[in-house]
Amino acid sequence: MKNLLKSTLAILGALVAFTSCNNSANSGGKSGALASNIAEKVYVAPGEHDEFYAFISGGYSGNLTVYGLPSGRMFKEIPVFSQFPTSGYGYSEETKPMLNTSHGFIPWGDSHHPDISQTNGEIDGRFIFINENNTPRIAKIDLTTFETTEIIEVPNSAGNHSSSFVTENTEYVVAGTRFSVPVPQRDMPISEYKGNFQGALSFISVEPEHGHMDIKFQLLMPGFNYDLSHPGRGKSHGWFFFTTYNTEEANTLLEVNASQNDKDFIAAINWKKIEEYVNNGGGTMMPAEYAHNVYDEVTHTATSTMKKEVRVVNPSDVPGAVYFLPTPKSPHGCDVDPSGEYIVGNGKLSANLTVHSFTKMLDAIENKKFDGEAYGIPILKFEDVLAGSVEQPGLGPLHTEFDGEGNAYTTFFISSEVVKWKLGTWEVIDRKPTYYSVGHLTIPGGNSRKPQGKYMFAMNKITKDRYLPTGPELEHSAQLYDISGDKMELLLDFPTHGEPHYAAAMRADIIKERSKKIYSLAENNHDYAAKSDADTKVVRKGNEVHIYMTTIRSHFSPDNIEGIKVGDKVYFHVTNLEQDFDVPHGFAVLGQNTSELLIMPGQTKSSVWEPTKVGVWPFYCTDFCSALHQEMQGYIRVSPANSNVPLKWSMGENIE
Amino acid sequence: MVICVSLLVGCGGKEEKKKEKIKLPTKTEKKVEKKVENVPASKTIDLTNKGIGPINSVTLGTQIDKKMVAHGEDVFKKMCTACHRTDKKFIGPAPKNILDRRTPEWVMNMILNPEEMTQKDPLAKALLIEFNGSPMANQGLSEEDARAVLEYFRTLK
Chain P
1 MKNLLKSTLA
11 ILGALVAFTS
21 CNNSANSGGK
31 SGALASNIAE
41 KVYVAPGEHD
51 EFYAFISGGY
61 SGNLTVYGLP
71 SGRMFKEIPV
81 FSQFPTSGYG
91 YSEETKPMLN
101 TSHGFIPWGD
111 SHHPDISQTN
121 GEIDGRFIFI
131 NENNTPRIAK
141 IDLTTFETTE
151 IIEVPNSAGN
161 HSSSFVTENT
171 EYVVAGTRFS
181 VPVPQRDMPI
191 SEYKGNFQGA
201 LSFISVEPEH
211 GHMDIKFQLL
221 MPGFNYDLSH
231 PGRGKSHGWF
241 FFTTYNTEEA
251 NTLLEVNASQ
261 NDKDFIAAIN
271 WKKIEEYVNN
281 GGGTMMPAEY
291 AHNVYDEVTH
301 TATSTMKKEV
311 RVVNPSDVPG
321 AVYFLPTPKS
331 PHGCDVDPSG
341 EYIVGNGKLS
351 ANLTVHSFTK
361 MLDAIENKKF
371 DGEAYGIPIL
381 KFEDVLAGSV
391 EQPGLGPLHT
401 EFDGEGNAYT
411 TFFISSEVVK
421 WKLGTWEVID
431 RKPTYYSVGH
441 LTIPGGNSRK
451 PQGKYMFAMN
461 KITKDRYLPT
471 GPELEHSAQL
481 YDISGDKMEL
491 LLDFPTHGEP
501 HYAAAMRADI
511 IKERSKKIYS
521 LAENNHDYAA
531 KSDADTKVVR
541 KGNEVHIYMT
551 TIRSHFSPDN
561 IEGIKVGDKV
571 YFHVTNLEQD
581 FDVPHGFAVL
591 GQNTSELLIM
601 PGQTKSSVWE
611 PTKVGVWPFY
621 CTDFCSALHQ
631 EMQGYIRVSP
641 ANSNVPLKWS
651 MGENIE
Chain S
1 MVICVSLLVG
11 CGGKEEKKKE
21 KIKLPTKTEK
31 KVEKKVENVP
41 ASKTIDLTNK
51 GIGPINSVTL
61 GTQIDKKMVA
71 HGEDVFKKMC
81 TACHRTDKKF
91 IGPAPKNILD
101 RRTPEWVMNM
111 ILNPEEMTQK
121 DPLAKALLIE
131 FNGSPMANQG
141 LSEEDARAVL
151 EYFRTLK
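Chain order of the listed sequences is P and S. Under the UniProt record's numbering, the first residue of the first sequence is numbered 1, with each subsequent residue one higher. Under the UniProt record's numbering, the first residue of the second sequence is numbered 1, with each subsequent residue one higher.
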């Protein structure tokens with residue numbers, strides 16, 4: 001009886017619990033309904049497409065990742081500065097030259113700030129540029145193929161950080177040095193930094209049709225650290241703005257010694273003026289060594305050319321081209337609003353956010369209101385160029401983006417938040433916490449005359465407890481906010497790969513329409529392409545063996561090869577004969593000291609194998625391609641170095 | 001994949017026995033097929049089915065168009081020989097005498113629209129099974145190219 005009572009009570013209790021649960025769900029319906037409303041805002045139904053592409057830098061992965069917004073789904077990792085075994089980038093014979101530098105082959109890079117090409121101040125979705133910080137380089141990615149097609153090394157630069165931002169018509173992609181160095185590099189005492197080191201700001205011209213890059217000139221600036229930059233636009237088109245720090249020119253313990261000055265500078269560069277000077281023969285050609293690597297989509301092959309000189313310009317030789325705008329205190333981000341009037345200096349160690357006025361700057365220049373000079377470069381008076389300050393908006397401002405509605409959004413690393421404020425009145429409108437320690441933020445089209453608004457995402461440096469733990473190392477966390485209303489609304493957390501330093505985003509429609517589905521087999525002009533079964537062959541040249549191989553669902557041709565010897569250098573040149581969307585084939589051979597190849601339809605890729613062991617070794621397709629993928633294999637016979645086994649190959653019949 | 005590899009490695013020494021064991025079930029499957037349908041899809045004659053795809057009607061000239069044949073042969077060599085031999089079964093069936101077995105429309109639709117054909121057209125579905133699931137690749141031919149290949153097929157007798 002007691003038991004019965006107990007169980008009855010238990011059931012009743014459970015019922016009460018259920019009921020109260022329901023009640024609370026109903027009464028707390030706002031949060032429930034709101035939560036589902038937020039879920040709907042980021043939900044992209046199966047088979048449907050996201051509205052925006054986001055290109056997020058991979059930082060120390062050396063690459064660039066492609067995401068969809070608002071879903072936060074990652075679509076692709078584009079290899080840029082690092083070898084990528086998934087596709088064979090930097091491993092295949094065709095792509096190894098992409099990673100060549102004046103320091104030799106470098107398998108890794110630190111990618112930072114992607115920026116999409118522009119026409120008339122609006123992003124056009126043709127190319128995306130990204131800088132390598134460690135061994136200074138700028139890469140161009142073609143957004144029809146989402147492949148890296150060009151990399152240019154930047155000489156006289158070190159810590160290529162205030163890069164790779166484009167001017168309004170992609171006339172230039174600009175790369176500034178973070179670390180000043182001896183120019184040209186030479187053996188000298190580090191302690192003699194001050195007054196001797198220089199900071200090179202490179203203006204790399206972009207040829208309009210194919211986007212080919214060439215260093216037009218390098219401006220050799222005083223030995224400060226050039227941290228970030230942005231182009232003028234609209235009324236300020238023709239100018240470029242760089243934040244500086246370490247105007248103290250310290251060469252040790254910078255965390256103390258580079259924080260002494262009350263103000264550092266934003267350098268304002270009238271590049272149109274310098275361009276004119278250079279076009280009239282100004283500047284000097286200086287010996288230099290830097291690699292220019294270009295991938296040809298018809299030969300499917302990259303070539304690396306070592307360039308031998310670069311044009312340098314001394315700023316004091318071009319009067320009226322360079323000015324310093326005093327900006328408190330070690331400014332990091334240097335952001336220009338869509339109208340081109342306001343230049344925001346995000347002083348990392350400053351209590352207030354400083355905004356300069358382009359109009360006031362021109363006026364001060366015209367009236368020669370200078371407040372001294374640094375290395376011959378006029379310094380303008382802070383009060384004369386100041387548009388306004390956002391008073392105590394947060395701690396540790398880093399970067400600002402714009403929504404095109406007159407609002408700015410600034411990240412604060414130390415206080416871990418994004419603050420929305422109004423241009424012109426400088427009042428704070430809203431603030432939202434980020435989880436945790438936000439670095440960059442991006443609004444689609446945020447670095448252009450016409451931001452596309454709607455969303456903003458913050459890229460956080462620290463993840464901590466936001467996801468299931470994955471040991472000591474965690475992927476960084478990004479957070480997506482709806483910015484269509486007065487107040488920002490946090491919608492979604494999503495992980496990013498490597499360390500994202502900045503991202504570029506834009507409406508998907510333009511890129512989507514142009515995206516290539518296959519490479520034309522007819523146009524394939526690779527030296528070792530086998531464009532049909534009749535072209536397949538094996539050719540020996542001394543101890544080099546070239547295998548002209550084809551692949552199509554679901555076989556290789558040839559798939560039986562004999563007559564290879566230990567000590568041979570065997571080149572597998574594999575052409576994918578498919579002409580259908582999304583039918584790549586892979587290739588790998590047992591014991592190969594390199595990565596697989598992933599070959600797109602119509603493409604040829606080559607892999608080198610230097611067999612060290614006698615035997616019959618299989619090769620196979622690594623990408624599940626069809627119902628008969630498991631049958632997609634072949635054998636290559638390796639005989640002793642002194643053997644007389646003749647070179648033979650076949651497919652579909654016995655080799656003898 | 002991992003399981004397959006380890007199986008293969010594990011059975012390395014007894015490969016012949018392994019092969020026999022694998023062959024048995026496929027033999028019985030074939031017997032079942034034969035009971036249902038005696039003529040394989042590659043030999044079936046159907047001169048009414050036009051297939052599924054962009055081609056509704058093709059008019060063959062009384063004379064073979066030699067210029068078109070040359071173009072078609074070129075396209076065939078470049079885009080089709082990875083899987084087809086003109087006169088014998090290879091990865092896919094031989095096109096020799098194909099117009100004795102199929103309508104010209106069916107042939108062109110099979111070239112231009114193989115994914116849908118192998119999903120919906122009864123003959124194409126049966127062919128996919130007969131050829132062990134080896135898919136007919138869509139090589140992105142234009143209608144003009146496909147028509148030229150068809151003209152070339154008329155010469156294969």
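Just so you know, the hints here were simulated from the structure itself, not pulled from any lab data. These figures come from a predicted structure and were not determined experimentally. Hints are supplied without guarantee of correctness; some may be wrong.
Output of the computed footprint for chain P on chain S, the stretches with three or more beta carbons under 8 Å from beta carbons of chain P [said to hold, decoys possible]: (1) 94 to 104; (2) 128 to 135.
Output of the computed footprint for chain S on chain P, the stretches with three or more beta carbons under 8 Å from beta carbons of chain S [stated by the list, open to error]: (3) 243 to 249; (4) 342 to 354; (5) 532 to 542; (6) 553 to 564.
Don't be surprised by glycine CBs; every beta carbon is placed ideally from N, CA and C.
Item to check | In rising order, the numbers of the hints this structure does not comply with | outcome: 1, 3, 4
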